[in-house]
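Given the coordinates of chain E, assemble chains Y and X onto it according to the supplied hints.
Chains as they are written, first to last, in the numbering used here: chain E, 75 to 327; chain Y, 19 to 383; chain X, 58 to 634.
One or more of the hints may lead you astray.
No farther apart than 25 Å at their CA atoms in a straight line, the calculated lysine to any residue pairs in the SDA-like style are these [stated by the list, open to error]:
hint : chain 1 : residue 1 : chain 2 : residue 2
1    : X       : Lys543    : E       : Ala97
2    : E       : Lys324    : Y       : Val361
3    : E       : Lys324    : Y       : Asp162
4    : X       : Lys545    : Y       : Arg302
5    : E       : Lys246    : X       : Ser320
6    : E       : Lys299    : X       : Asp534
7    : X       : Lys543    : E       : Ser93
8    : E       : Lys246    : Y       : Gly327
9    : Y       : Lys146    : X       : Pro118
10   : X       : Lys543    : Y       : Thr193
11   : E       : Lys246    : Y       : Arg315
12   : X       : Lys543    : Y       : Arg189
13   : X       : Lys363    : E       : Asn158
14   : E       : Lys246    : X       : Gly318
15   : E       : Lys246    : X       : Gly308
16   : X       : Lys545    : E       : Ala318
17   : Y       : Lys295    : X       : Gly308
18   : Y       : Lys161    : E       : Leu317
19   : E       : Lys246    : Y       : Asn144
20   : Y       : Lys146    : X       : Val309
21   : X       : Lys363    : E       : Gly163
22   : Y       : Lys301    : X       : Ser315
23   : E       : Lys299    : X       : Val537
24   : Y       : Lys146    : E       : Arg295
25   : X       : Lys543    : E       : Gly279
26   : X       : Lys363    : X       : Gly421
27   : X       : Lys545    : E       : Arg295
28   : E       : Lys196    : Y       : Ser377
29   : X       : Lys363    : E       : Ala159
30   : Y       : Lys59     : X       : Val193
31   : Y       : Lys247    : E       : Ser321
32   : E       : Lys324    : Y       : Arg325
33   : E       : Lys324    : Y       : Asp364
34   : E       : Lys324    : Y       : Arg315
35   : E       : Lys299    : X       : Lys545
36   : X       : Lys545    : E       : Gly89
37   : X       : Lys545    : E       : Trp92
38   : E       : Lys299    : Y       : Arg189
39   : Y       : Lys161    : E       : Ala318
40   : E       : Lys246    : X       : Thr314
Read the hints as simulated data drawn from the structure, not as lab findings. All figures in this text were calculated on a predicted structure; none of them were measured in a lab.
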Amino acid sequence: MRALTALLFVALVAGVVWSFAVAPERGWWMPTSASSVGDDVDRLFHGITALIAVAFVGVVGWLAWLVWRGTRATNERALTNHGNARLEGVWTIVTGAILLTLAIVQLALWNTMQSARASDVKPLARVVAAQFEWRFRYPGVDAVFDTADDFETPYRLVVPVGERVTLELRSKDVIHGFFVPAFRLKQDVLPGSALRTWFEARSIGEYDVVCSQLCGAGHYRMAGKIQVVARADFDAWQSSMQLAWNSNGKEKP
Amino acid sequence: MHRNLDRLPGPARGVVSLLLVTLGSCGFDPTPGSLQFSLSKATIEATRDDLAARASIEHEITALFGTASDPRFTASDAWPSAAAADHSTSASIPDLVRSGRNYARECLACHGVEGGGDGPSAYGLNPKPRDFRNGIFKYTALKDQSRPRRLDILRTLEQGVAGTSMPNFQRLSSTEREGLAEYVRFLSVRGEVESVLVATWKEEGEINADTAHEAASIVWSRWLKSDSKLVVFDGDVPLSTPERIARGDALFHDGLKGNCLSCHGATGAGDGPAAWKIGVDGKREPAYLDAWGEPIRPRDLRDGVFRGGARPIDLYRRIYAGIPGGPMPALGEAQTKDGAPLVTPDEIWCLVHYVRSLSQRGEAP
Amino acid sequence: MNERRSLFSRVYSVDHETIGKQYLWTSLAMLVVGGLMALAMRWQLAWPWTEMPVVGSLLFPRTGRVISPDFYTVLFTMHGTIMIFFVIIPLALGAFGNLLVPAMIGAQHMAFPRLNRASYWLTLPAIACLLAGFFVEGGAASAGWTGYAPLATVESAAQGARLGQTLWVVSLTLSGISSLLGAVTYVATIACCRASGMTLMRMPLTIWGVLTAASLQIVALPMLTAGSVLQLADRWLHTGFFTPQNLVIGGVALDATSATGGSPLLWQHLFWFYSHPAVYVMVLPAMGIVSDVLAVHGRKPVFGYKPMVIAMCTICVLGFVVWGHHMFVSGMSPAAGTAFALSTFLIALPSSIKTFNWLATLHGARIRLTTSMLFALGFVALFVVGGLSGLWMAATPVDVYIHDTYVVVAHFHYIVFGGTVFAVFAGIHHWFPRFFGRVLDERLGRIHFVGTFVLSNCVFLMMHQLGLAGMLRRTADPYVYEVFEKLKPINVFITWSAISLAAWQLWFVLNLVLTLRKKRTAPSNPWNACSLEWNEAATEPIVLRGPYEYGAAAGDEDWLAQTRESSSQRVSSSPSK
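Just chain E, same shape as in the assembly (with noise of 0.2 Å):
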């Protein structure tokens, strides 16, 4: 039993570390950064881990030693050692240090994801979310919402590559989470209010909404896209967005 129980201990380090280190190369793993902002979420990320898996294996690996040690055969008692205060002070102010200095190091990224919360920028697109879709609307060619010459589309998002896009949030029932996960982006979605978000996509392609609030029985599959297209391209698919939104119903019904 003793053997067995410190293994026990060391398999569970062999196991999570074991599970983390081969998580990225079999997709188990973040996707790919794809915004401005996710490289340096995914650093942050990567910090925290690598102290986490110090004091993870640290921790369980002594564990599993103090029990090996601790069950040996022996006629002495242990000591009655009821504690030592400059241990524990020493440990306290050294964990509270890193603690304190990690709470502090996050902050700027905090402020930078949240910037658009507070700014009247004009946003490119309006997210509408209900059970269970995802709406988005853009403002046309006067970049106003809510005039004649808006068109709406459902589940695609197209923005374009390299530029700030800041976007307004609504809800028309509950609350939904509007959550992309290669640009570490999530807000979400209030009803009753408009809230604010940006990204900046890095690089052309398509990539997954996810509702990441519970809205009810079709919140699993209350799926999007966001299509990053080159600036141009998006110049040229709002245009033929509006005139296929002035269709006359003879070409495409």
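The following block gives chains Y and X in isolation, referenced to the frame of chain E:
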């Protein structure tokens, strides 16, 4: 007792359980649910006293349409090949069996096994999920209450029905959507044939393969006319101007022309007097029922949510052709007493832009 | 003690031991109920939209014995609600609190015995109310155990938002009242009924755990109750505390049917103001139990008793100012996010200190690998996993990604299952002789521990990876997104592990059944523990020292009970720190 349990020491049990876990994970493949078509409530009710007739009806329907796990249009003279009835060119759409499985995964929870709008998720939904079985589809590009083309069903699948629980299905591939549209038509035809068969039985008292084929032909023929019923507009869509909006405003409120305010109300709020009545409990309730027997309310035009699509052409079609299954009339080919058109196409565009203006207050973002 | 009492008075009893056992058995039964729901969820995640055993045939015979998407939302809602309110909190506080508080502090009974009895008996209607939801129209509550408005508060938002949700709120309110009565009893008893010489700093850490947890309950529960009352008002009286204007939910324009102008965020603040301290309620007694077990079975005092107490109190206080970390992406102000991030990082400190102290306790200990020791050791390891993953979520930019993914599920299951449930098993094995007069079988206990330790990691470890890949919680079918197809093998592995883990608990049931069938022949203090509960005979004990006098300096044996006069001059009987 303990001696028996002694045989496998603790650690070995851990290993054994892990082995079970790993081995068990390979090759275990639970089945997707196996479904069965049932007769509709109306059929059950009608054949309450004649179970033999019920069995015959079920037999004929199964003969024509197969089972839920093997849905098919049985080869017969009841219908020409499905492709002749439609225009989509995709040759690789999944067959009805595969589409049936997709339907079970994507649609059945709301629309039910037979497309009766009675799936387990349907309870409490408002508006209710569509019951396909009377062949009425509200948001098509067609007039004269025609059966939809595959394109119309596809458009609903691509765009969803805004303002309802029907979402868009753009995350599926286009071939999957085409297969689903086929399957929806299959369910609709099957459901309609069932009710025609019941009606025939009530009149003539007979159910056999011939009456079944005749019912099928009747229903199928309704789907063959859709091509000629497309509502389109020659030329470019007139854009929104203050003049057109003003003209639309006048038409909306003109009792002899658009007369929209009678149902949609003077402000477009959906509170027009013709659409509401005082019910038995003294409370205000909708005056009309839709084709499925549910109370139907006129749309509140001020919220900018248009179920059949918010493009100008979509609104044009609603006004021109009305909406099947409900009291929204078709203005496009309506005539005055002396045979003149009630409204011109340009006047319909004015109404379109006026209606759109009700929800376009141009708020700054 | 042996007077003939009717069955009624033996069951409807004010005796704290009876009440503690009632809590214990009720909670273990609810653990089975909640666990079965988890298995149903795991089936769906591994093999979505396939015929589900039992559930499918019972509830969905017409649609292929496949569960509906609505039912999945009911499953995770009820699983969470049952586990938190009717398993973990009643086990941690109700069972161990009742059994141990008077016994460990040398009181004959609780300060308010009838209040205490009412506390248990209120849980039964609360459970009945909750489970009744399955039988009403629309089914049981389905808005998650968090019940966010307006999904939960507006009837047309979901099937379960009808009568089922009302029953959920009423159940939680009843459960809250029950908890409040119990918590008040514990605090009053600990404050006023300690034996002579039992100073606060001589109480075993289990009691400190119960005290801090009960204090949290007293201060925080009223907020949940207030929120529940507001939610009931929204549902019954058509007020609009949580309902903004201009919403159309489920086809119903809300401005026409109720008052509006409220805020969904208000519910979140009210809810989390209680529910965050609630998680500390779930873990503080467990920490106390583990400290005691490590000391007794390691034959060594708890290292740093005073820092341990201060750490628990700090967790208790800081626990009130971190609730916003559940709401970083909710739309609350970014400044609030900053504040909560800071406080959340800070609250990691006391837990870390406790972990170091546990390790220091084990350092140089003479460890007896009894089953309770094994589970206590398991607690330390698994609590560390859960606690460290919490650091990802304290960092707001990372939490933005992780929120509502399976990383969160992994985190709290490591703490609640790997933590509290392991501590509960440790506590049951440790105190079984005291309260049931028999010692649970060690061999069966070891088998139970090894399998549970291995399998619980098989279940919860890879959930970290699932979440990092982006797989969300509360989703009936993650494979709707093609990129998650490659996660299916992990989900299948987890499901098999979960089924095995559930089955493995039968070893524990077997142990209970076989042991309870034996006669009560256990010695009165089989572990040679110092604390007062083992000294049943003393009716008015006089406490002379702290509870952890083990080891070399304890006298002629390696332990010195709290009440025993020292028989040797080598040992001083001065009170411990």
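Run the distance test for E/Lys299 versus X/Asp534: straight-line Cα separation, threshold 25 Å. Cα-Cα ~18 Å, so holds.
Given the hint that X/Lys545 pairs with E/Ala318, test it: the Cα-Cα distance must not exceed 25 Å. Not OK: X/Lys545 and E/Ala318 at ~40 Å, beyond 25 Å, violated.
For a C-alpha distance cap of 25 Å, please report whether X/Lys363 and X/Gly421 respect it. holds (20 Å)
Hint consistency between E/Lys246 and Y/Asn144 [alpha-carbon to alpha-carbon, up to 25 Å]: Holds, at roughly 15 Å.
Hint consistency between X/Lys543 and Y/Arg189 [alpha-carbon to alpha-carbon, up to 25 Å]: holds (18 Å)
Are E/Lys324 and Y/Arg325 close enough, with their CA atoms no more than 25 Å apart? With Cα atoms ~21 Å apart, E/Lys324 and Y/Arg325 stay inside 25 Å; holds.
Tell me if the straight-line CA distance from E/Lys299 to Y/Arg189 falls inside 25 Å. The hint holds at about 8 Å.
With a cut-off of 25 Å on the C-alpha distance, tell me whether X/Lys363 and E/Asn158 pass. holds (11 Å)
What's the verdict on X/Lys545 and Y/Arg302, does the C-alpha distance respect the 25 Å limit or exceed it? violated (53 Å)
Is the straight-line distance between the alpha-carbon of E/Lys299 and that of X/Val537 25 Å or less? Given that 25 Å is the threshold and the Cα spacing comes to 13 Å, the pair holds.
Pair hint outcome, E/Lys246 versus X/Gly318 [Cα-Cα no greater than 25 Å]: Cα-Cα ~14 Å, so holds.
Below or equal to 25 Å on CA atoms is what counts here, so check E/Lys299 against X/Lys545. Given that 25 Å is the threshold and the Cα spacing comes to 22 Å, the pair holds.
The structure does not agree with the numbered hints 4, 16 and 34 stated previously, though it agrees with the rest.
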